[in-house]
Amino acid sequence: MSDEVLKNLKKAVIEYNAEEAASWARKAVEEKIDPIKALDVMTEAIRYIGDGFGKGELWLPDLVGAADAMQSAMPIIEEEIKRKGAKRESLGIIVIGTVYGDIHSIGKTMVATLLTAGGFTVHDLGVNTKAEEFIEAIKKYKAGILALSALMTMTAPEQKKIIAALEKEGLRDQVKVMVGGGSITQEFADSIGADGYNPTAPGAVKLARSLVGK
Amino acid sequence: MLKGFTRKFKPLEILTEEQVEAIHRGTLEILENTGMTFYHEKALKLFEKNGCKVDFEKKRAYFPPALVEECLRKCPSSFHVKARDPKSDLIIGGDTLYFTTFPGMRTVDLDTWESRVPTKKENDDAVKVLDALDNLHKILCYTPYFEVKSIPPITAIPESVAAKIRNSTKIQLTGYSKDCEIFNIKMAISAGTEIFGQCCASPPLTYYGDAIESAFRFIEAGFPLHISTGDVFGGTAPATLAGSMITNNAEIIAIIVLTQLIKPGTRVVAADFVFPQNMQTGSPAFGAIGCSLHHVMFNQIWRKYGIPTNNASVGVSSSKKIDFQCGYERAILALLSALSGGNIIQLHGGIHGELTYHPIQSILDDDIAGMIGRFIEGVEVSDETLAIDLIEEVGPIPGFYLNKEHTRKWWKKEQFVPKAADRLTYPEWMKKGKKSCLDYAKEKMDEILATHKPIPLTEDQDNEIERILEEARKYYQERGML
Amino acid sequence: MLKGFTRKFKPLEILTEEQLEEIHRGTLEILENTGIVFHHEKALKLFNKNGCKVDFEKRRVYFPPGLVEESLHKCPSSFHMKARDPKNDLRIGGNTFYFTSACGMKTIDLDTWEPRVATKQENYDGVTILDALDNCHFLTVYCPYFGFEGVPSVMAIPESIAAKIRNSTKVQAEGYSQDCEIFNIKMAKAVGIEIMGAFFASPPLTYYEEAVEAAFRYVKARFPIYISSGCVYGATGPATIAGSTMTTSAEITAGIVLTQLIKTGTRVVANNYTFPQNMKTGSPAFGQIGLSLHNVAFNQIWREYEVPVWNANYCPSSSKKIDFQCGYETAIGALIAALSGSSLVGLHGEIYGELSYHPIQSILDEDIAGMIGRFVEGVEVNDETLAVDLIGEVGPIPGFYLNKEHTRKWWKKEQFVPKAADRLTYPEWMEKGKKSCLDYAKERMDEILSTHKPIPLAEDQDKEIERILKEARKYYKEKGMM
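Residue numbers (our numbering), protein chains in the order written: chain A, 5 to 218; chain B, 6 to 487; chain C, 19 to 500.
Calculated directly from the structure, the hints in this document are not laboratory data.
A few of these clues could be false.
[What the hints assert, rightly or not] Once the Cα atoms are required to be at most 16 angstroms apart in a straight line, the calculated EDC-like pairs of lysine to aspartate or glutamate come out as:
| no. | chain 1 | residue 1 | chain 2 | residue 2 |
| --- | --- | --- | --- | --- |
| 1 | C | Lys26 | B | Glu22 |
| 2 | C | Lys28 | B | Glu218 |
| 3 | B | Lys437 | C | Glu132 |
| 4 | C | Lys76 | B | Glu218 |
| 5 | C | Lys427 | A | Asp66 |
| 6 | C | Lys452 | B | Asp116 |
| 7 | C | Lys26 | B | Glu18 |
| 8 | C | Lys430 | A | Asp66 |
| 9 | B | Lys440 | C | Glu132 |
| 10 | C | Lys427 | A | Glu35 |
| 11 | B | Lys183 | B | Glu218 |
| 12 | C | Lys453 | B | Asp116 |
| 13 | B | Lys439 | C | Asp127 |
| 14 | C | Lys450 | B | Glu119 |
| 15 | C | Lys452 | B | Glu218 |
| 16 | C | Lys452 | B | Glu397 |
| 17 | B | Lys268 | B | Glu75 |
| 18 | B | Lys13 | C | Asp407 |
| 19 | C | Lys453 | B | Glu452 |
| 20 | C | Lys207 | C | Glu482 |
| 21 | C | Lys26 | B | Glu23 |
| 22 | C | Lys26 | C | Glu482 |
| 23 | C | Lys28 | B | Glu75 |
| 24 | C | Lys437 | A | Glu19 |
| 25 | C | Lys60 | C | Glu324 |
| 26 | B | Lys439 | C | Glu132 |
| 27 | C | Lys63 | C | Asp73 |
Whenever a hint applies, use it, and build me the whole structure from the sequences.
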């Protein structure tokens with residue numbers, strides 16, 4: 005029975021079905037299935053989609069659709085993980101989001117999905133995210149990496165503000181900060197004291213691996 | 006006045022009347038029931054005063070169809086725009102086609118094809134080249150470059166407007182950002198030219214405050230307005246062409262309503278600036294045939310509305326080089342826009358995806374514009390062109406036409422001879438060093454820069470431009486933005 | 019049957035009905051009173067027997083309008099053509115069009131861009147690549163090359179046919195020269211396919227003997243025929259488009275009368291192979307907008323005659339390289355041919371004039387074909403594509419379409435994704451070695467050659483082809499021609 009539930013959960017993500025994914029996640033909790041296993045099958049599903057995307061067989065709407073499906077199941081599984089005090093083996097925990105004032109989601113979602121497929125545990129805060137929301141999430145998930153996206157020249161300075169907030173909260177030493185987005189350059193990343201920058205989504209995965217030493 | 010090109014045959018249309026109607030009804034439906042967000046209090050109040058339902062908390066306006074259609078009717082179907090030299094005036098609309106530029110953030114190195122920030126001189130030179138090109142009638146905003154060495158981003162637009170006023174007599178379109186339109190308008194007035202103002206939506210269905218403020222300022226100055234959206238279909242608009250036409254048109258029409266409420270009869274151009282979503286990279290798909298399908302539908306619908314059109318997504322390739330792909334993409338897009346009755350086509354100079362521009366490209370594009378222009382002027386059919394008597398006189402082989410008076414008289418009218426194309430035979434081409442269009446364009450650029458002198462401003466005017474730029478710098482310094 | 023591309027809207031037309039009528043009347047006038055020279059006794063007699071006035075001394079035929087119009091009516095408005103693999107059968111005519119390959123005398127070196135004679139392997143590989151390209155539906159005469167290494171010129175055509183029969187199952191056209199059509203027909207029959215025979219006028223107003231003899235042979239073999247006039251206007255035709263459209267039509271119509279007198283209902287295609295005269299070099303002007311104007315007028319006239327049309331002349335560029343100029347010239351020509359209703363559109367592989375061809379170019383042209391094909395298929399407008407409900411649901415910012423089921427379902431239908439174009443962002447492009455369309459086309463060529471296996475002939479068919487080639491060689495040796 006538990007195999008059946010996990011199979012369906014994975015299938016729902018692969019088929020971009022957010023409602024089904026949430027419903028199978030609830031079922032998994034009801035049936036007391038190990039939430040880490042549930043997270044693993046969703047990650048497998050995302051990896052499958054990410055591979056297809058890498059090979060040029062699948063496209064952005066597929067990548068984003070699968071990410072959405074996983075996002076809809078995540079809070080249910082996370083709640084269960086928290087309740088059980090379980091721990092998941094992964095390359096690292098990442099909090100990602102597009103900064104405040106900026107509503108561009110494509111690049112951020114691509115990176116988040118490929119990071120998930122690459123073996124990280126990713127918490128996507130979405131777009132137009134305020135500095136305090138990032139801080140709160142880092143604390144909550146005990147994240148080791150903060151990934152920030154800003155597409156517009158106007159919103160790039162927001163990344164600097166977030167780094168300042170990390171320092172103020174005494175979190176700067178615990179998290180590596182990686183930045184990206186259309187308006188960001190290596191010089192800018194250096195100037196605001198970020199730990200890394202990469203202009204492409206697959207490059208961001210490599211960067212995250214190097215930041216955690218893997 | 007610049008006469009541009011006049012289409013002598015019916016425009017290419019791809020929608021049936023019923024399909025045009027279905028898109029129009031859908032547009033009215035969205036305007037009335039989904040509404041549009043305006044981050045601008047004054048605009049919301051104006052809409053409310055004129056019968057729109059307004060949700061001030063959500064900053065959302067809902068437009069009654071009667072108001073929409075009334076405002077569309079108030080826009081002139083063609084209009085005159087005054088340049089600082091009357092020879093560069095334009096009459097926009099009807100069956101006339103003008104070409105304008107496609108800007109780029111930076112210039113490109115022609116050996117490595119990597120982008121780099123241009124110098125101020127390169128920016129000025131690129132404007133001079135545009136001034137010299139016969140088939141370029143209007144210059145777009147941020148053209149040629151958005152980024153210029155030694156110019157801070159905050160004054161980039163006023164500096165760009167000044168460079169264009171100084172180095173060309175052609176009409177220009179100008180942008181807005183952080184109040185810079187105040188200075189743009191002042192410069193135009195002092196040089197005795199009209200300029201196009203701009204107002205851009207942030208799709209889906211949203212207008213930010215600075216776009217609306219800019220519309221108010223340009224209209225109050227009595228200038229015409231260029232309205233565009235920037236929809237990416239599959240991203241910020243529905244993935245279908247028909248659906249994205251609805252959101253795009255709803256966004257443009259909402260501003261048309263605003264313009265006609267601010268000042269009835271305001272001259273507007275509806276610009277179609279849309280791209281399919283590149284489903285591999287997440288950026289817009291430049292040089293895609295979807296742009297043309299969208300432009301052709303757009304031109305058909307807006308012809309019905311009686312409002313002049315600008316086709317914006319043309320002079321921008323997905324290629325990074327001036328190569329085969331760059332050639333076929335823009336040629337297909339430009340031709341389809343011209344055939345379907347676009348009034349202004351953004352062609353000259355843009356290379357990759359709003360990121361790069363080069364004057365060499367603008368020279369090459371001038372030949373594409375010339376070819377297309379010649380095509381839409383069609384074929385003259387008269388006793389003299391049919392030449393039946395001549396054909397009877399020449400007869401079968403060894404009859405020959407090259408030596409006839411009729412050929413000397415007509416061939417130049419019938420043919421178009423490009424200026425920067427390789428037209429040699431193989432042996433001549435080998436003998437002359439295997440030159441390509443790129444080599445010819447470089448020669449042409451050197452020639453223009455050495456010989457073409459744009460009509461200068463009077464000394465007083467030039468001083469006044471400098472004074473306004475200084476005023477702008479002071480304005481931003483005082484606000485801690487410079 | 020290959021479905022090709024179906025135009026979903028009215029074709030582009032540039033002549034008024036009155037102009038069309040004037041050109042038609044002029045054509046009849048020329049045919050009746052100026053007449054056409056046929057250097058072929060049997061043809062002259064056949065014309066005479068069927069009511070034409072014939073001057074046997076001058077070999078000149080004068081056509082009564084009744085016979086001309088009757089003969090045009092006898093041609094089928096669309097017809098089926100049988101390929102070696104039924105999947106590749108064609109139905110030529112109506113709103114459907116097919117892309118045909120082009121041809122070139124030689125191949126070129128992609129570093130020096132100089133032409134050189136192709137090897138046998140290169141010729142066969144060139145065919146294999148055309149066989150693999152989805153948007154190439156028909157292989158033209160002398161394609162890819164006009165002969166290859168080790169082939170005496172008199173054997174060039176039969177060897178070319180053998181290569182096409184062996185390495186492709188697509189329909190092909192073939193030429194004539196020194197009786198080689200005898201062997202062409204035999205090879206086609208040996209493998210049970212139809213080939214389209216060529217029949218060329220020699221403008222002005224003349225047909226030479228071997229062209230007419232080939233027409234007799236192809237018609238008697240019950241193969242379809244394409245009739246073409248290689249008029250160069252300003253030299254072998256009047257310098258005006260209207261005048262040269264008339265002489266071209268008169269020449270082709272005379273050929274059509276002959277085919278219908280030999281055998282009523284013979285399937286014919288009117289092939290426009292007209293160029294402006296390059297007034298500087300004396301060669302035909304390739305890649306010129308004049309030939310597109312000529313094509314559109316021609317297509318409109320022949321649509322009225324209800325005879326399928328082939329625009330084979332659009333494609334050759336005047337550039338010697340696969341560069342920007344080659345891109346825009348090729349694209350503009352092909353697009354206008356397709357929009358204006360040509361049933362066959364020449365495209366794949368040609369570079370400069372008819373002088374050079376390269377399979378890389380055919381792979382690049384495949385993307386142009388795909389873009390044009392997507393355009394002519396137009397826009398679907400229905401409740402689902404209009405997506406009014408979805409637009410209402412998504413609303414203004416932060417509404418978004420990329421993650422919607424509607425996008426996953428529709429985007430591939432709405433967009434066309436080219437196979438050999440650079441579609442990357444700048445950073446990705448830098449990271450992946452700055453590849454251009456030319457690099458992608460090379461990769462695609464290697465991939466096709468290593469994976470695509472054209473359906474082979476049966477062993478006995480292959481032997482029969484070889485036997486016929488031997489017979490041809492013997493025939494020409496006996497005649498002292500090789």
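Right, here's what the structure says about each hint:
1. Lys26(C) to Glu22(B): Given pair Lys26(C), Glu22(B) holds - Cα atoms ~14 angstroms apart, limit 16 angstroms.
2. Lys28(C) to Glu218(B): Status violated; Cα separation ~43 angstroms.
3. Lys437(B) to Glu132(C): 13 angstroms, holds
4. Lys76(C) to Glu218(B): 81 angstroms, violated
5. Lys427(C) to Asp66(A): Since the Cα atoms of Lys427(C) and Asp66(A) sit roughly 10 angstroms apart, the hinted pair holds (cutoff 16 angstroms).
6. Lys452(C) to Asp116(B): Between Lys452(C) and Asp116(B) the Cα gap is close to 12 angstroms, so the pair holds against 16 angstroms.
7. Lys26(C) to Glu18(B): Holds, at roughly 10 angstroms.
8. Lys430(C) to Asp66(A): Within the cut-off at roughly 12 angstroms; holds.
9. Lys440(B) to Glu132(C): 12 angstroms, holds
10. Lys427(C) to Glu35(A): 34 angstroms, violated
11. Lys183(B) to Glu218(B): 10 angstroms, holds
12. Lys453(C) to Asp116(B): 14 angstroms, holds
13. Lys439(B) to Asp127(C): 13 angstroms, holds
14. Lys450(C) to Glu119(B): 13 angstroms, holds
15. Lys452(C) to Glu218(B): 42 angstroms, violated
16. Lys452(C) to Glu397(B): 58 angstroms, violated
17. Lys268(B) to Glu75(B): Holds: Lys268(B) and Glu75(B) sit about 13 angstroms apart, inside 16 angstroms.
18. Lys13(B) to Asp407(C): Judged against 16 angstroms, a Cα distance of about 40 angstroms means the pair is violated.
19. Lys453(C) to Glu452(B): Roughly 32 angstroms separates the two Cα atoms, so the pair is violated.
20. Lys207(C) to Glu482(C): Roughly 10 angstroms between the alpha carbons, so the hint for Lys207(C) and Glu482(C) holds.
21. Lys26(C) to Glu23(B): It holds: about 15 angstroms lies between the C-alpha atoms, which stays within 16 angstroms.
22. Lys26(C) to Glu482(C): 44 angstroms, violated
23. Lys28(C) to Glu75(B): 32 angstroms, violated
24. Lys437(C) to Glu19(A): 27 angstroms, violated
25. Lys60(C) to Glu324(C): 28 angstroms, violated
26. Lys439(B) to Glu132(C): Measuring from Cα to Cα gives roughly 9 angstroms; hence the hint holds.
27. Lys63(C) to Asp73(C): The hint holds at about 10 angstroms.
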